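Chains as they are written, first to last, in the numbering used here: chain D, 1 to 344; chain Z, 1001 to 1554.
Hint data in this document are derived by calculation from the structure and do not stem from the laboratory.
Quick caveat, the model's predicted, so the values are computed rather than measured.
Any given hint could be a false lead.
Once the Cα atoms are required to be at most 20 Å apart in a straight line, the calculated SDA-like pairs of lysine to any residue come out as [to be verified]:
hint, chain 1, residue 1, chain 2, residue 2
1, Z, Lys1369, Z, Gln1498
2, D, Lys52, D, Glu201
3, D, Lys315, D, Gly192
4, D, Lys158, D, Glu201
5, D, Lys262, Z, Gly1126
6, D, Lys144, Z, Gly1126
7, D, Lys57, Z, Arg1339
8, D, Lys144, Z, Ser1130
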Amino acid sequence: MLTSVTRRLAALALALAALVPAAAHAQQRTLTVYSSLDEDQAKALIKGFEAKNPSIKINAILGSTAPIIARVIAEAASPQADIIMGNAVSALMAADARGLLLPFKPAHYDKVAPLMRDNRAEPVWVGIDAWASSLCFNTVEAAKKNIPAPTSWMDLTKPIYKGHITMPSPLSSGTALLAVNGWLTAFGEADGWAFMDKLHENVSQYGHSGSAPCRLAGSGETIIGISYATPGVKLINEGAPLQIILPSEGLGWEVEAAAIVKGARNLSDAKLLADWISSREAAEISARFLPITAYDDIKMLPKNYPVGESDKLLKMDFGRLAASRDAVMAEWQRRYGTKVPPRS
Amino acid sequence: MTSTSTRRLAQALPIGLIALLLATIVGPIAALLLKSLMDRQGQFIGLGNFARYVAEPGLSVAIWNSVSLSSVSTILTIAIAFPYAYALHRSQIPAKGLFRVIMLVPLLAPSMLPAFGMIYLFGNQGVLKSWLMGHAIYGSIGIVSASVFHALPHAVLILSAGLASGDQRIYEAARALKASPLKTFTNVTLPSCQYAIISAACVVFVIVFTDFGIPTVIGGSINVLATDIYKQVIGRFDFELGAVVGMLLLIPALVAYLVDVMARRNQRATFSGRSVPVEPGASRGRDAALLGFVVVVGICILGIIGMALFGSLVRFWPYNLTLGLHHYEKAMSDPDELRSLVNSLVLASSTAIAGTLLVVLSGWMVSRKVFAAGMTQTLQALAMVPVAVPGLVLGLGYVFFFNNPANPLHILQGSMILLVLCTIAHFYTVPHLMAVGGLVKLDRETDLAAQALRSGPVATGRRIHIPVLGPTLVDIAGYLFVNAMTTVSALMFLFNAQTRVAAVAVVNMTEGSRFGQATALAVLVMAVCLLATALQMMARTLIVRRQTWRRPAS
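Can you build the whole structure from these sequences, using the hints too?
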C-alpha cells in the first residue's frame, strides 16, 4: 500500500515536472532581470523589449524595492541577475557602494531629462520614472466620523486625526524614507523632526510595507495611509473609496532607475536592454502607468492618477540624503522605534 | 541481500544522512555565523557586530516582546491543543476524522490567509469588532491569537503522536485498583505523554519566537526580534547585523534541545511487545465536554478561514460585497500565476517524498539507538536545529552557502532541487519528532526479539518499525506537502523566474495591491492542500484497517 502510494506520488511529481518548461530553449538567449517597478509596468516593458528582440527571452524576478536589492547584495559572490530594470536610486546606491553595479552609459542617455540620470562621469544608472509620497484618504470612513480631508502634511498633526493615520517604518520601507526625507527637506532638519514628533502622536501603527498603508486605507482599516500614488490608483480602479492627496508643502520623491549588475553573465544583452530602456519608446510605455518618466515632454496622465504630482516635487539634495540615510534611520529608531504609539 | 552488504549499508546510512543534514542545515547556518563575525569587507572582527547590535536602542523592548508574547502563545496553544488531541485519541466522540481535518486547516493555507481572515473578522471594519471591547486587533492581541492559530496544528500533531500509542493494560490495571478517572489521568495519562507535551511546548515556543510573518501583517507597531532581522537585512542591507539577530534567535532552540535531552533521559518505554492499544471506554460526561470543546475550537478555525474565503469571493471588501469568481478568473488567466501553482505542486510533491524518506531514517536511528551513541546524538541535535531557524535566516544562509563559486554544490543554485532541500531542512524538526514519538514507545524487547531472530537492524526497521510507524508516515508526508505548498520566507531569496511558487506569488500580488487575487490564489493553494489531506486521511485509514495486529485478538 505504502509503496504504491509513494510510487504514485513519484509518478505525479514526474508528470508535473514535465509540465515545467526547460530552463532555457536551445536557440533563445535569456536575460535575467530583477525589477521592483510596478508589476504591470514591468510586464509591459518586458513585452516591449521582447517584441523588438525576439531572440531574447527575459526571465524576470519582480519584488519590492528593498528585497530586490537585498537579494542582489546577498548574491554578490556569484551574481544571478544581469540587470536591475527599475529600483529606487537610493537603494541602487547601497548596491553601488558595495561595488556591485557596472558603470554604463546607455545609447539614449543624453536625451534623458537631466534630473532622471546619474550625471556622474561614469554613470551607473539611468532613470525610468519617478515616484513621490502621497496620502491615501478613505472618504467613506472619514465621512462616517466627520473627519475632513487633510490638504497639507501639517494638517496630519491635528488632534482630529489621532489614531487614524498609518505609515510604514523607514527602517523597513523605502516609501517611508521617501516621506521622511521629504519632510526633512520641506521643513528643514529641526522642524522636520518636530513635525514627526507631533505626527507620532497621531499614528496608529508603523508597518513594514510601503504599499500597505494605502491598502489599509482602501479597506477602511485606517482613514489615512502615508504611501505613494500607484497602489492608491490601483485600489481606486478596483472600487476603493479612496482619494489620493498630494500635500501642499511638497512631496518627497525619488527616481526609479535601471543599472547593469557587475559580473552579469549576459552582459551584451543586458546592455541592449539598458539601451532600450533609455529610449523614448520605453518611456512611452512607462507613461501609461506613471506621469513622470525619463522624457519630461511626454505628458500623459494614467486613469485616476492625481493631477499635479510633478509640480509638487520638492527640490531634494539626493547626494546629501544618501549620505545621511543611516543617520536618519538611527534617529528615527531612537525617537519612535522604541516606544509604542498611542492606541486608536 | 547478503548480511555483509546489509551491514555496510547500515554503516553508510547514518554517515550519509549526517552529511546531508550538515550540508543542508549546518552549512548555511555556519555561513551565516561567519557573516555575523565579519565586517562588510569580509574582515574578521570577532564580536564587533554583536556589540553594535546590543547598542541599538529598543533591543530590550524587542527581546521582552518576543519572550512574553511567545510564552503566552505557548501556554494558550498547549492548553487548547492537549484537550483537542485527547479528544481525538482518548474519547468516543463522533466524527473524529472531521475534527482531525479541521485541526489541519491552519496548516493548509499560506499564513497571510488567516491574517486576512482575522482582519475581516476583528479589524476596524470587522464583523465581530465589538468582541474586542474597544481594543485594536493590531498589536499584542493580534500576534497572540494569530500565533495560537498558526501553531495549534503543530502542537496537536506532536501531542497526538504521544497520545495515540498507550497501553490499554495499564488503564485496566488502574480500573481494577479503583482509581478515579481523574487520578488515572494525572497518574497514568499525563506522565505517559509528558515527553510529547514538553516537545510540543518547545516547538510552539520556537515557532512563535521566530515567526516574522504574523507580526508583520497584524502586529501593528509591536517590535519583536524576528521582525528586527527584516529591518536589518531588508531595510538597511546590513546582512552582518541580520546574521547577529539570526544567531540570537537560535538561543531558544538551544534551550529547547537541552530540555528535550533531559526529558528523553527520563522517558521510559510505555509501549512494549505486550502492549495493547488504548480503547477508550464510554463516558458520557467526558465525551460531551470534549465534544463541546472541539466543536468550539473547530468553529473558531473555520470561522477565520471561512471569512478569508468570503473575502476572496467579494468584489471589493468591505465596500462592494457582490459575490463572484472575478478574482479567481483574473488570477488564473495570467500564465505566470498558473505556472507558480504548478511549481508549488512540484516542490510540495518532491519535498513530501524525499523528506519523508529522510525523516523516517533519522527518526528511526535516533529512537532505536541501533548505531553508535555519538551518531545518534549528532542526528538528534541536527534534527532539532531547523525549527529554531526563521525562514528568512535559513534562506539567507542558503544564498551565502550555495551561491559561492567555491562550493561544489554551487551548481544547485537556481534549481528546484535547492528549493526542495531548503524546504525539507526548514520543516525537518516536527516530522522528525513525529517519527521519534511514534517509535520511541516500542520497548527494547522488540529489538531483542528481532536480534534473536537474526534480523539485522535494516530488516527490523523494514519489518517492524516501518509498519508500526505506518499511519504516522502518511501524516509526515502530508505535513511536508502542505508546508511546502504554503511556505514563503525561506524561499524569498532562492526562487527565480522558473521556480517561483504560488505562495511567493501571493506576496507579490498583495504588494502589487491585487488584494482580491492574492486571496483567491491563497484559497487555491489551500484547496490543493485540502485535497492532499483528504488523500492522506484515506491512506491512513487503509493502512490501519489492513494492519490487523493493531486490534487485540478476540
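Comparing the hints with the structure gives:
For the given pair, Lys1369(Z) sits about 42 Å from Gln1498(Z) by alpha-carbon distance, which is inconsistent with the 20 Å threshold. Among the hinted pairs, Lys52(D) with Glu201(D) is inconsistent with the structure: their alpha-carbon atoms are about 53 Å apart, more than 20 Å. For the hint pairing Lys315(D) with Gly192(D), the CA-to-CA distance comes to about 15 Å; that is within 20 Å, so the pair holds. Note on Lys158(D) and Glu201(D): the hinted pairing holds, with a Cα-Cα distance of about 10 Å set against a maximum of 20 Å.
At roughly 49 Å between alpha-carbon atoms, Lys262(D) and Gly1126(Z) are farther apart than 20 Å, so this suggested pair is violated. As the CA atoms of Lys144(D) and Gly1126(Z) are separated by approximately 16 Å, the hinted pair is consistent with the 20 Å bound. At most 20 Å may separate the alpha-carbon atoms for a hinted pair to count; Lys57(D) and Arg1339(Z) meet this at roughly 17 Å. Distance check on the hinted pair: Lys144(D) and Ser1130(Z) sit about 17 Å apart at the alpha-carbon level, within 20 Å; holds.
When the structure is compared with the earlier hints, violations turn up for hints 1, 2 and 5 and for no others.
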